[in-house]
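Below are the chains, spelled out letter by letter.
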Amino acid sequence: MARSCQMTRSFGSWSSPLCLLSAVAVVVLASGCQADITGAGSGIPELDPTKPVLGPNTLTPAAQIPEPGDWFGAVQAADCKAPAALGRTRIRRLSTAQWNNTVSQGLAVTPAGAAFPADALSSTTGFNTDAVLNKVSVLLASAYFDAGDSLAPQAATAALQAYGCLATNAKDASCSTPFLEDYGARLFRRPLNDEETGRYGAFLAAQAALDPAQTAVASVLRAMLLSPNMIYLTELGNSKAGEVTLTPYEQASLLSYTIADVPPDASLLQAAQKGSLDAASERATHAQRLLQAPSARAKYADFWQQYLPLGDLRGAAEVEPTLAAAIEDETTQYFDKIVWQQGGGFADLVTAPYTYGATALSAVYGTLTPGQNGALTLPAGQRAGFLTQAGFLFQPATASVPHKVIHRGLAVRRRLLCQTPPPPPANLMPTASDLQPLGADATPLESFAAFQQQKPACAACHTAFQPIGLAFEAFDNMGKYRTSYESGKPIVTSGELTGAGDASGPYADAVEIAQRIGQSKIGEYCFTRQYAEYALGRHLNATADACVIRAPSDIAANSPIQTLAVVVSDIEARAHRVHAPTN
Amino acid sequence: MATMKNKRHHVYSRRNLLRGLGAGAVLLSPFVRHRMSLAQAAPAGNMLIFFTPNGHIKDHFDGAGGSANFTLKKSLAPLEAFKEDVAVIRGLTLKTPTEINSHDDIVRHLTCFEGPDKAKAYGPSLDHVIGNSLGQRPIFITPEPARHESYWRNALSWREAGVAEPFFTDPTAVFNNLFAGGTPAMGSAMPDPAAERARARNKSILDFVNADITSFRTRINNEDKQHLELYLDSLRDVEKRVTTSGSVTGGGGGVCAPDAVKARIAGLPVTPVQKDDNSPAGMAENLRQNGELMTDLVASAFACGTQRVATILWQGASEGLDPMNNTGSPNHHSISHTSDFASWTGIDLWYAQRFAYTLEALKKVNMLDKTIVVWITEIAQGHECGDFVHVVGGGQALGIKTGQHILYPFKGNPGDKAVLKDPANRSLADLWVTVQNAMGITSPTFGDPKWCTGPLSELRG
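The listed protein sequences derive, respectively, from chains A and B.
Quick note on our numbering: the first sequence kicks off at 59 and runs consecutively.
Quick note on our numbering: the second sequence kicks off at 250 and runs consecutively.
Chain A extracted, bound-state conformation (with noise of 0.2 Å):
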C-alpha cells in the first residue's frame, strides 16, 4: 500500500491532536532596541510604477499556479530582485475587531462587543482570517444590522451637533453634503464621489420627511454601516479588467488594518489624498506610527494565540488553576516580550534560554533565576525556547504516550517547518495497539522500533515525525525535564532531522531542535508565512509567494518580529493584481 508521503501545508484532520500547540515564554536578553524596520534603505524592493509587473500574456493569478512540492526549495531558487505580482484583485470582509475599531474610531461611539459570529478556521492555514471564507452569514448580517440600530442614534446626536443645520435643512444638499462627505470617508476610508453623495443626500431628505432629524441622520448612518464600503476592504484599483494597482486609499487602508486592525487615521488619509504613499521614506513613518498603536501589540496576540492555541491547558484537572494561568500568562509575556521589549526575531523566539512570568512556573522548571529585564533564566542545557515550555508540552494525563509522541512531533512538523504529513487513509489508520505492539511497558521508543518493522506503509509517513516527538520524551506529559523513565530505562533523546531544509541533521536532544530550526532560513520562512497568511487573510502560495515569504529574512536574518507587519503589508500594499471582472 505505497501511498505518498509527501508534506503538504494544511490543517485539518488529523485525529485529535491538531490543535494543542500551546505556547510560549522565553525571551530573548537582546538590547530591546527597536531596529529599522522600514523604509528607504529597508531592502524592500521598490517597485516602478511606469514598468508592468505582468506581460500581456502573463495574466495568471496567482490562486492558479501549483503549491510546490518542495517549498522551502522553491521559496530559496526565487527571484526577487523584481518585485513579485499577487494574484487577483479581491475584497476581505472585515474582521470582528477591525469593524470594531473602523465604528469606534469613525462615529466615535464604541460598539458593546459585538456579538458577532467567530470566524471559521481555515482548513488550509489554520486561521480565521481567510477573506474567501468569511463572508457576511445570516448570522452576521442580523448583528451588523442589530449593531448599527443600536449605535446609530448616538452618533446621529453627535452629528447633528456637529452639523446644526442637519435639525431642520436635511433635505437640502449644502447643509446635507458635508456631513455625509465627512461621515462617509471616515466610514469607506476614501472620500465619497459624487453619485454616492447624491444618493445618500436623497435618501436622507426623503428619511427627514418622514422621522425627526435625529432618526433619519440615523437612517443613514445605519445605511452606511451596512454598506459593503464599510463592511469590505477593497483591493481592486480602479477596477478596469486587466493589471491594476491600488488607489492610494486602498494602500493607506491595507497599511492600516494590516498592521493595527484600524481604519487609516487622518494624518494616512491625508497621505493618500497628496499622494505621497508612492514615497517608501512616507509609508515607513506612517507603519511606524502604526506599530506603536495598541492594537498594534493586540493584533500580533491574537496571531499568537492562534498559532499556539492553549485549550487542552485550561481547566484540565491535573493542573493547579494557579499553575495553568501562570502557564497560559507566561505564553502571553513571552511572546510579548520577545516581540515589543526584546526587538526579537523567530530565532530570539525559539532558542532563548530564559522565559516570563510567575515565579509559580518552578513547579515546571525547577529553579529559575531572575536576569534582566523580568526575565527568568532556565536551568541550564534543558531548554530552548517555546518549544520547551510547558504551554507547548503539556498533554492531559489521559493523553496516551503514542499520541503525545506523535502530537509533538506533529506539531513541529507543521508549525515550525509548515509540513504537514497526510492524514492516515481508512484502511491505515493505526489503533493503539499497533502504536505500542511490544505493550505499555516498553519505552516509546520501542515501540516506535517495533512499530517501524510491523506496519512499514505507515511508518513511511510516521518516520517524519514520530522521532521528532521522541526528542521530546525528555519533558513528561506536564512538561517537566527528566531523563529516565519510572521504570529506570534512560530516555534516548538524539537523532536526525530530515526533509527540513537547511535546518536537517543530527541532534541530541529536543534542545538542539530548537536551535537547529531556530537558525534556520525554512524555520525564519515558516514563521513569516504564517505571519502573512494570518494578516493578509489568504494563503500564500510557495511559487507566487516567494518574495513575500522571504523577504524579512532577505533584509535581516533573524529580523525583528515587528518588521513582519510592516514588510509584509508594504509589499501587498504596492503589488500589482490582475482584475477581472464580469458582469
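The set of hints was computed from the structure by calculation and includes no laboratory data.
Where a beta carbon is used, it is the ideal one built from N, C-alpha and C, also for glycine.
Check each hint, because a few of them may be wrong.
As the list claims (entries may be wrong) - Which residues of chain B face chain A? A partial, calculated answer using Cβ under 7 Å:
hint, residue
1, P415
2, N470
3, V668
Use these hints to put chain B onto chain A, whose structure you have.
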C-alpha cells in the same frame, strides 16, 4: 428588494424553475434559488437531521429481519417503543469522500459533491436544498458549542458550495429565529403606528443598502461576487425579521404552543465551558437538557408551521464528549479508535435515547408522521465511508415506510475509496433523493448526479 423580486418572477417560468432544481440549482445564485422556491407546491412536511459524531459500532447499532421480523440491536434498544416509527437502513455509501475517507467527510455527507479541498463542500446540503424549495432558510443548531467552534468539524450544513452557515447555540436565539415572523399568539389586533413606521424605516434602509450592494458589485472581480450575493441573501432574512408585523397565518397542523417551551429556557443551567478531556461533572446532563430543549423548540416550530427544515448537530465530527462516562471532548472520538467497545456502545445507546426523545417530542405535538427525521454520522465506523447505518424516523404521511430494516449488501472493504465507487454499492445520495422527493422536490438526483441511481423504493414508494 421588491423590484428584484418581481423581476425574477417574470424571468423564470414555473417550468423553468422546477427544471432548475436538483443539480442545476447549484449553478444559480442564491437569490435566484430563493425566488424559484416560491413557485414550489410542496407537501406540508418537515425534515430534521440528527447528527452525532464518530460513527457507530455497527454490530450493535443496526436492525435485522426486514419488515416481517424487524428487530433492533442493542444500541438501538431505546427505540423499541418507536419500532413502528423507524426504518433502519444498512449499507449506504458516501460515493464522494475526501481523499482520505475520514471525519472530514462531514462536509460531504449532506452535500454529495466531490472537490479538492477536504474542508469545503462543493454544493448545498440537503437542508438548504429543501429549504430553498420551500422558500425558507433551514436552521442549524448545536446544543453545545464544540471544542472547535466554526471549524470543519461542525461544517455539516452548507448554504452553497464553499459557504457553511454558522450554527445557533443560544436557545433564545434559536427561539427568535424559529419564530422570526411571530407566533399566532403574538399577533396584535391593534395597529401600532410607531412600530409600523419602524418597520417601514427598516425596509427603506435595507432597500437602500440593496441598491448600494448592486452598485458596488459592478466593480469587483467575478470570483468575489459570491460575497455580495450571499450578503444580499442574508439581508433578505434580516428583512423578514425586521419588517414583519408579528402575526402568523397558517400553521403546521400540529399542537402549536411554543411559549411553554420558551419558558424552559430561563430554567436551563448555564453550560460550563468545556475545557479539557476531564470536563466538569454534569456536562453530559447539560448537553441532554440543552439538546432536548432545542428539539422541543424545533418540534414546536414545525407544529406552528413557522419552520420546516432543521439540523441538530449534537457534537462535532472527530470529537465529542463521552456522555456515558461523563468525560469531555474529544473522548468520544478517542474511544472510537480504541477497542473499548463497551464505552462506544454506551455512547451510541445514550444518543439513541436522545433520538427516542426526538421522536416522542414530535409525536407529542402531532408532527411525527409529517416529519422525516434522519440520524446521520460522518463516518460509518473507524474511518470508513461505506456501509453506513442510518436511522430514519417518522414521515409516514410523506410516504416513508417505517417499521423495517432495509439492507443494501455492501461489497468489498468499506475503507477503500475505489470500492466505495463500485456501482454494486448503493449511494447515500439516493437516500437524499428519497427525502427530497418526500419534501416535494421531484428531481431524481441529489448532489453529483453521477452517483445517483434514484430514490430508495424500499423506503418510500
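Results for each hint:
1. P415: Because about 4 Å separates B:P415 from the closest Cβ in chain A, which is inside the 7 Å limit, the hint holds.
2. N470: holds, 5 Å
3. V668: violated, 10 Å
The structure is inconsistent with hint 3 alone, although it conforms to all the rest.
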